[in-house]
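In the order they appear, the protein sequences are chains A and B. Heads up, the first sequence is in our numbering, so the first residue is -4 and it goes up one at a time. Heads up, the second sequence is in our numbering, so the first residue is -4 and it goes up one at a time.
The set of hints was computed from the structure by calculation and includes no laboratory data. There's no promise every hint is true.
Same chains, same names: a pair is fine if it fits in one copy or spans any two.
As the list claims (entries may be wrong) - Below 25 angstroms or equal to it, Euclidean Cα-Cα: the simulated PhoX-like pairs (lysine-lysine) are:
{"#": "1", "residue 1": "K14", "residue 2": "K112"}
{"#": "2", "residue 1": "K18", "residue 2": "K73"}
{"#": "3", "residue 1": "K73", "residue 2": "K14"}
{"#": "4", "residue 1": "K112", "residue 2": "K10"}
{"#": "5", "residue 1": "K73", "residue 2": "K29"}
{"#": "6", "residue 1": "K29", "residue 2": "K165"}
{"#": "7", "residue 1": "K7", "residue 2": "K73"}
{"#": "8", "residue 1": "K73", "residue 2": "K165"}
{"#": "9", "residue 1": "K112", "residue 2": "K18"}
{"#": "10", "residue 1": "K165", "residue 2": "K14"}
The structure presented is a predicted model; accordingly, all values stated were derived computationally and were not measured.
Number of protein chains: 2
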Amino acid sequence: MSVTPAQTNQLKTTKTQVKRVPKRGHYDFEVVAKILDEGLVCHVGFAIDGQPFVIPTAYGRVDDNLYIHGASASRMLKSLRSGIDVCLTVTLLDGLVLARSAYHHSMNYRSVVLFGKAHEVTDTHEKTAALRAFTEHVIPGRWDQVRAPNQTELATTLVLSLPISEASAKIRTGPPIDDPADYGLPVWAGVLPLTQMSGLPIADTRLADSLAVPLAVPDNVRNYSVSHLARRQIFQ
Amino acid sequence: MSVTPAQTNQLKTTKTQVKRVPKRGHYDFEVVAKILDEGLVCHVGFAIDGQPFVIPTAYGRVDDNLYIHGASASRMLKSLRSGIDVCLTVTLLDGLVLARSAYHHSMNYRSVVLFGKAHEVTDTHEKTAALRAFTEHVIPGRWDQVRAPNQTELATTLVLSLPISEASAKIRTGPPIDDPADYGLPVWAGVLPLTQMSGLPIADTRLADSLAVPLAVPDNVRNYSVSHLARRQIFQ
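Next comes chain A alone, as it looks inside the complex (with noise of 0.2 angstroms):
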């Protein structure tokens, strides 16, 4: 799929439409990819049999395709690779919208829901891209600074690819919306902003000496909130 700007509500269907407050649904694969790019795990759904499992897990996305990955032992992956259904969903918490009232409680959010079928990744090339995705996703600058997976770690890990081409987005911002009767009220109301943070690098004790010290933590690493904050707009 070739996106460019003009198109819009290009990844919209029967089954993406959002029904529940539709002025809050997007269609736009720049939307979506953004939430994306900002998330660190999804959660992936499938059913087998009627019972449905959601699963936690990291990703990385190329262009218009998402990826997951794991052991090749794992169930989730065996079960996808066989071609069933999946929807996989991305969710930003960006406030708690305290209002007036319990009933217009809220958040402030940011998620995405992707509907498709799964596919292993056998090409090499291909495969090897994603996980290169997988890292950058995490830290960007990460893949050059590690060394990369050899022969065996590459057979060992299944990779899934799902195509962006059929989501959307559903994002919440602003104060709290109360009944107009209840604006008297003498509650205080607003937002309180929630931000995923990163603390102080913790080095792994089993670092060479000439590692072991503050300077030796990569920009990259010892930056990541500015960085990640900055890849950010804020959705208050």
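We have chain A; now place chain B onto it with these hints.
This is chain B only, laid out in the frame that chain A set:
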């Protein structure tokens, strides 16, 4: 279900048993409840005609019942009230695990996967208790600060309960585990801790003048981060 500390593994079934890296699996009610209490958003999975859906939503817990809610017209809740199988997952991300090889990169996390059938709560007493739990789950103390639900709001809110009786927690903590030969590589390795932090409260622009001052922010809102973090153990 009456749970005493002497009981262990009481939530373990064939379905909940953690297959990948079994040592990370936990089946004690107290472990599961603690993770549920710290999370803010769950991902609810269900299947309709084999098509899985994974929807993020808020929740609350009262003893060994987990509650979700929404508008009576919600597609998800209408599907769930019919008694279909549900898988509900809560994931807390605690850190990025940066290994010496791309292959051993990981995340520190605590997750709960809960299976069961959701049932509509019709008893007014239980329904009100569930609504209280939703509000208190977001910020303890909030319920008594706001206008309680009126009869119309109660009637148009669908509340579903899911017993916490078949579940597993999966927890990863600690440093990267690298291949023995990789420990000599000149690669910085360690953990970058992650946590959800709150920013300064943003007052609703429609607050009365007397409430639109910093001192009017309730203590439970002002001290949210502190109290939220105090509820956490440090899992890195």
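Going through the earlier hints one by one, which of them does the structure break, listed in rising order? The structure conflicts with hints 5 and 9, although it agrees with all the remaining ones.
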